[in-house]
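Undergrad: Listed below, chain by chain, are the residues.
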Amino acid sequence: MKLRQKKILTAYLFLALPLFFFVFIRFYPMLSAFYMSFTNWNILSPKKDFVGFSNYVKIFSDPVFRIALFNTLKYVLLGVPSVIVVSLFLALLLNNMIRFRSMYRLIYVMPYITPMVATSWVWRWMYQRPPAGIINNILNALGLPTRGFLMSTTEALPSIVVTTVWIEIGYCVLIFLAGLQNIPKEYLEAARVDGANRRQLLFRITIPLLNPVIVFLSVIETIIFLRIFTQVYNMTDQGSGGPLNSTKPLVLYIYQKAFKSFDMGTAAAATVVLFAIILTITIFQLKVLNRNVQY
Amino acid sequence: MTKSDRIVKAVAYTVLTALAIVMIFPFVWMVLSSFKPFSEIYRPYFFPKNPTLDNYRQILGSSLFPRWFTNSIIVALVTTASVLFFDSLVGYTLAKFRFPGRNIIFVFILSTLMIPTEMLIIPWYVMSSKFGWIDTYWGIMFPGMITAFGIFLMKQFMETIPDDLIDAARIDGVSEFGIFWRIALPLVRPALASLAILNFIGNWNAFLWPLIVSSKPQMYTLPVGLAYFSSENLMRWELIMTGATISTLPLIAVFLIFQRQIIRGIMLSGLKG
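Going down the list, the protein sequences come from chains B and F. The numbering used here puts the first sequence at residues 553 to 847. The numbering used here puts the second sequence at residues 21 to 293.
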């Protein structure tokens, strides 16, 4: 009995500091953000009155917030399917090759590991108008018209999506490759013996068996695109999410409200909205997409 | 090999190579441009005609880059050491001790994974300004000192250690902490290596929180410094590319040395998350 008590005591001793950390650095700040979203607190004044839902009413009637929300959805809808399709395609090709596989894998995964600030500035430069921008120079050399890319209100957001897809491909290819390795070879052999062609093998066996991986990556990538910030901050003029708010995502809106206008109440309300969206989409995707899994 | 197999293979190699060139091009462009003098920067040469180290001399000699580099090294190393110690200690305790509240504690820790960082930064900022943590290493590091994901990962690995081994050590009179430190930790070294590298890279690249918690340029980490430097020198692309190369070089080095652990770490983070 004494030994048992001593062990329980040791366990709590080992956990004491980490638990303190999770309560005060994660859990309490979350509650604090909820609370702040119901106050009119502006960090410059000591006033901190409870104002009910008025911050939420305020942000939803703010045209900039609505644009940011809409932009965030655009990032997700353009970005997630592209990342999944391209990296699945790459992983399927890579899975069939034996030679040089690790070299290609390294090349694909490098953008994912590089500091996003560095990649953002490289891409920002490549997207410049001629003669600075290499992409426009290549278009010119091919006799194609040059494009505005980051300077254009309609092309800037897709341009940032392309950069982000380029960054995320490596991670998804790795996870898809691991998923492909887990598919029992016997299934494919058996189907081949039964006369299935390449296409049938792919669409009837490989992809259905990969479904859990596809679901997992869709959820992860959706959350990544919902939280997009660093690329937009570094690829747009003065980190503003321009031109004319056309690339501004939710997180940048939050950043500007909190740390440029010091309007903490409104910014906190926007973080609660982001939290609610992430939670809803995660639950929705896990429930709906998981239903399609069949073996 | 049939003829169609061979065609598929040829197409696969061609496509993979073409895409690999697209993937690697921005890096090569960045590194090559860092050796170009200003006069070549608006010319579409791929290779520098008169390669020079002037950009590096200028950046390392007369800017805050060396200071930012040091800040990043300190932040990434200290945070990683803390994560390794605490995550494995908690993982070990949750895997190998039976005590009331064990499951509740585990679920509580895991549930914090659902909270997006963006929701926490405003309270963290308020906390930091109240406690004087703005512009300190501690201020940059405190949110990442312990991670729920790492605890989850270490718990999985700690569970594979046989209980008999721990009991035998206990009978031999090894202290509880000694068992964790001298017996459990060495047995999960591969998992520790993966966790260490993922954390180092993650902290090296972190941007949003360091941007918020540091106001003095002296306290910037490399990504924050690079963003600041680049927007100040918007037309000096050769200098920006040199800065970007400097912030990437340590990672390329880490990457080439620890490729295997990095790949495994990323896979672990995916398949078990």
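If you're looking for bench data, these hints aren't it; they were derived computationally from the structure. Some hints here could point you the wrong way.
[To be verified] Derived Cβ-Cβ restraints for the label pairs, each shown as a range:
1. F:Ile-44 <-> B:Leu-694: 26 to 32 Å
2. B:Lys-737 <-> F:Lys-236: 31 to 37 Å
3. B:Lys-839 <-> F:Leu-52: 47 to 53 Å
4. B:Arg-651 <-> F:Ile-94: 39 to 45 Å
No residue lacks a Cβ here, since even glycine has one placed at the ideal position from N, Cα and C.
Undergrad: If a hint holds in the structure, say so; if it doesn't, say that too.
TA: Hint by hint, here is what the structure shows:
| no. | hint | result |
| --- | --- | --- |
| 1 | F:Ile-44 <-> B:Leu-694: 26 to 32 Å | 21 Å, violated |
| 2 | B:Lys-737 <-> F:Lys-236: 31 to 37 Å | 58 Å, violated |
| 3 | B:Lys-839 <-> F:Leu-52: 47 to 53 Å | 49 Å, holds |
| 4 | B:Arg-651 <-> F:Ile-94: 39 to 45 Å | 42 Å, holds |
Hint compliance for this structure: hints 1, 2 are not met, and every other hint is.
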